[in-house]
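Residue numbers (numbering that gives the first Met the number 0), protein chains in the order written: chain A, 0 to 127; chain B, 0 to 119.
Just to be clear, a hint being listed does not mean it is correct.
Label-pair restraints from in silico Cβ distances [as the list claims (entries may be wrong)]:
id: 1; chain 1: B; residue 1: Asn94; chain 2: A; residue 2: Arg62; range: 25 to 33 Å
id: 2; chain 1: B; residue 1: Ala25; chain 2: A; residue 2: Thr111; range: 30 to 38 Å
id: 3; chain 1: B; residue 1: Leu109; chain 2: A; residue 2: Leu74; range: 19 to 27 Å
id: 4; chain 1: B; residue 1: Gln78; chain 2: A; residue 2: Asp36; range: 26 to 34 Å
id: 5; chain 1: B; residue 1: His31; chain 2: A; residue 2: Ile118; range: 19 to 27 Å
id: 6; chain 1: B; residue 1: Asn94; chain 2: A; residue 2: Asp102; range: 46 to 54 Å
id: 7; chain 1: A; residue 1: Asn103; chain 2: B; residue 2: His31; range: 41 to 49 Å
id: 8; chain 1: B; residue 1: Gln92; chain 2: A; residue 2: Gln119; range: 18 to 26 Å
id: 9; chain 1: A; residue 1: Ala59; chain 2: B; residue 2: Met0; range: 44 to 52 Å
id: 10; chain 1: A; residue 1: Ile118; chain 2: B; residue 2: Leu82; range: 41 to 49 Å
id: 11; chain 1: B; residue 1: Lys1; chain 2: A; residue 2: Asn53; range: 40 to 48 Å
id: 12; chain 1: B; residue 1: Gln32; chain 2: A; residue 2: Arg62; range: 33 to 41 Å
Dumping the calculated DSSO-like pairs for lysine-lysine here, alpha-carbon to alpha-carbon at most 27 Å [as the list claims (entries may be wrong)]:
id: 13; chain 1: B; residue 1: Lys61; chain 2: B; residue 2: Lys1
id: 14; chain 1: A; residue 1: Lys107; chain 2: A; residue 2: Lys67
id: 15; chain 1: A; residue 1: Lys6; chain 2: B; residue 2: Lys1
id: 16; chain 1: B; residue 1: Lys79; chain 2: A; residue 2: Lys67
id: 17; chain 1: A; residue 1: Lys6; chain 2: A; residue 2: Lys107
Some, not all, of what chain B presents toward chain A, calculated at C-beta under 8 Å [unchecked claim]:
id: 18; residue: Leu5
id: 19; residue: Leu84
id: 20; residue: Leu101
id: 21; residue: Ala105
Honestly, the hints are just simulated from the structure, not real lab data. Just so it is clear, CB atoms sit at the ideal spot from N, CA and C, and this is done for glycine as well.
Listed below, chain by chain, are the residues.
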Amino acid sequence: MLERSVKHLLFLIRSAPYTSLRGAEGVEAALAASVFDQQIALLWMDDGVYQLLNDQQGEALSRQPVAKMVPALHLYDIDHIFVCARSMTERGLVPDDLVVPDDNRSFKLLATAEISDLIQAQDQVLSF
Amino acid sequence: MKMALLVLGAPCSSQASLTALRFAHAALSSGHQIYSVFFYQDGVYCALNETGLGNSAESWQKLQSDHRFDLSICVGATQKRGLTLPEDGRPPQINGFALSGLGQLADATLQADRLLTFGA
Numbered sequence: 000m001l002e003r004s005v006k007h008l009l010f011l012i013r014s015a016p017y018t019s020l021r022g023a024e025g026v027e028a029a030l031a032a033s034v035f036d037q038q039i040a041l042l043w044m045d046d047g048v049y050q051l052l053n054d055q056q057g058e059a060l061s062r063q064p065v066a067k068m069v070p071a072l073h074l075y076d077i078d079h080i081f082v083c084a085r086s087m088t089e090r091g092l093v094p095d096d097l098v099v100p101d102d103n104r105s106f107k108l109l110a111t112a113e114i115s116d117l118i119q120a121q122d123q124v125l126s127f
Numbered sequence: 000m001k002m003a004l005l006v007l008g009a010p011c012s013s014q015a016s017l018t019a020l021r022f023a024h025a026a027l028s029s030g031h032q033i034y035s036v037f038f039y040q041d042g043v044y045c046a047l048n049e050t051g052l053g054n055s056a057e058s059w060q061k062l063q064s065d066h067r068f069d070l071s072i073c074v075g076a077t078q079k080r081g082l083t084l085p086e087d088g089r090p091p092q093i094n095g096f097a098l099s100g101l102g103q104l105a106d107a108t109l110q111a112d113r114l115l116t117f118g119a
């Protein structure tokens, strides 16, 4: 357990959109935590990468896609946004398939070993 | 060690609540402290009346009365799932579970040494 004044919190988003609210509510929990001036990181992996697909029309299911919230993340001081590279490859996805966070930012694609390092560096990890 | 638990599964469709309860019992027996248990997403259904499965309101209340930790359910998740909230102005709760927000969960991540998620 690392002793430091700013806690590092990692939110793993592993659930597909629309099948359940789990992934979307996980992002909401990250936004709520961002109010507390700690370091928040978001990592989309496994079926969670589908949350970030461009051109979703969630309104057809009365749902707001998580992808639409992504450009606003930096307004919550959430700048550490990662995507699991292997999860993308397994699903036949490439970075161009994903929503763009904004003009100055992009998702950082992480290899499996880098994900291990990221998790090691956290104070808490929450999985959705 | 001071622990926080996050329960995301409903009593009958998931093992989350029962596993979390058993874990809490074991942790407390081993001398650890439970700081809070937060019920989010489908976990809010755990605040409903006991179903005979040993993992709903009564089981959690009993543990909490012996060990005094925060027992909270997310009010947003509760409303989204159509659970009826008490109408009077007392501190809002359902069956002894305090109605709370995601800020409470964030507080638990900061206060506890470890946060464990059940049902994800």
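Each hint, compared with the structure:
In this structure the hint that Asn94(B) and Arg62(A) lie 25 to 33 Å apart at CB holds, the actual value being about 30 Å. The supplied range of 30 to 38 Å is met by Ala25(B) and Thr111(A), whose beta-carbon atoms lie about 31 Å from each other. In this structure, Leu109(B) and Leu74(A) meet the distance hint of 19 to 27 Å, their C-beta atoms being roughly 22 Å apart. Distance hint for Gln78(B) and Asp36(A): a CB-CB separation of about 28 Å, consistent with the stated range 26 to 34 Å.
Range check, His31(B) to Ile118(A): about 22 Å between beta-carbon atoms, so the 19 to 27 Å window is met. For Asn94(B) and Asp102(A), the hinted distance range of 46 to 54 Å is satisfied, since their beta carbons lie about 49 Å from each other. Taking 41 to 49 Å as the suggested C-beta distance range, the pair Asn103(A) and His31(B) conforms, at roughly 44 Å. A hinted range of 18 to 26 Å is violated for the C-beta pair Gln92(B) and Gln119(A), which are about 38 Å apart.
Between Ala59(A) and Met0(B), the C-beta spacing of about 47 Å keeps the proposed range 44 to 52 Å intact. Judged by the Cβ atoms, the range 41 to 49 Å given for Ile118(A) and Leu82(B) is violated: they are separated by roughly 34 Å. Restraint check, Lys1(B) to Asn53(A): a C-beta distance of roughly 42 Å satisfies the suggested window 40 to 48 Å. At about 39 Å, the CB distance of Gln32(B) to Arg62(A) agrees with the hint of 33 to 41 Å.
The suggested pairing of Lys61(B) with Lys1(B) holds, with an alpha-carbon distance near 20 Å, which does not exceed 27 Å. Restraint check for Lys107(A) and Lys67(A): satisfied, since their Cα atoms lie roughly 18 Å apart, inside the 27 Å limit. Taking the CA atoms of Lys6(A) and Lys1(B), the gap is near 16 Å; set against the 27 Å cutoff, the hint holds. Pair hint Lys79(B) plus Lys67(A) holds up; C-alpha atoms about 20 Å apart against a cutoff of 27 Å.
With a C-alpha separation of about 21 Å, the suggested pairing of Lys6(A) with Lys107(A) holds against the 27 Å cut-off. For Leu5(B), the interface hint holds, the least distance from its beta-carbon to any beta-carbon of chain A being 7 Å, beneath 8 Å. Because the closest C-beta pair between Leu84(B) and chain A is about 18 Å apart, greater than 8 Å, the hint is violated. With 8 Å as the threshold, the beta carbon of Leu101(B) comes within range of chain A, its nearest partner Cβ sitting at about 3 Å, so the hint holds.
With its C-beta approaching chain A no nearer than about 4 Å, Ala105(B) sits inside the 8 Å limit, and its interface hint holds.
The structure does not agree with the numbered hints 8, 10 and 19 stated previously, though it agrees with the rest.
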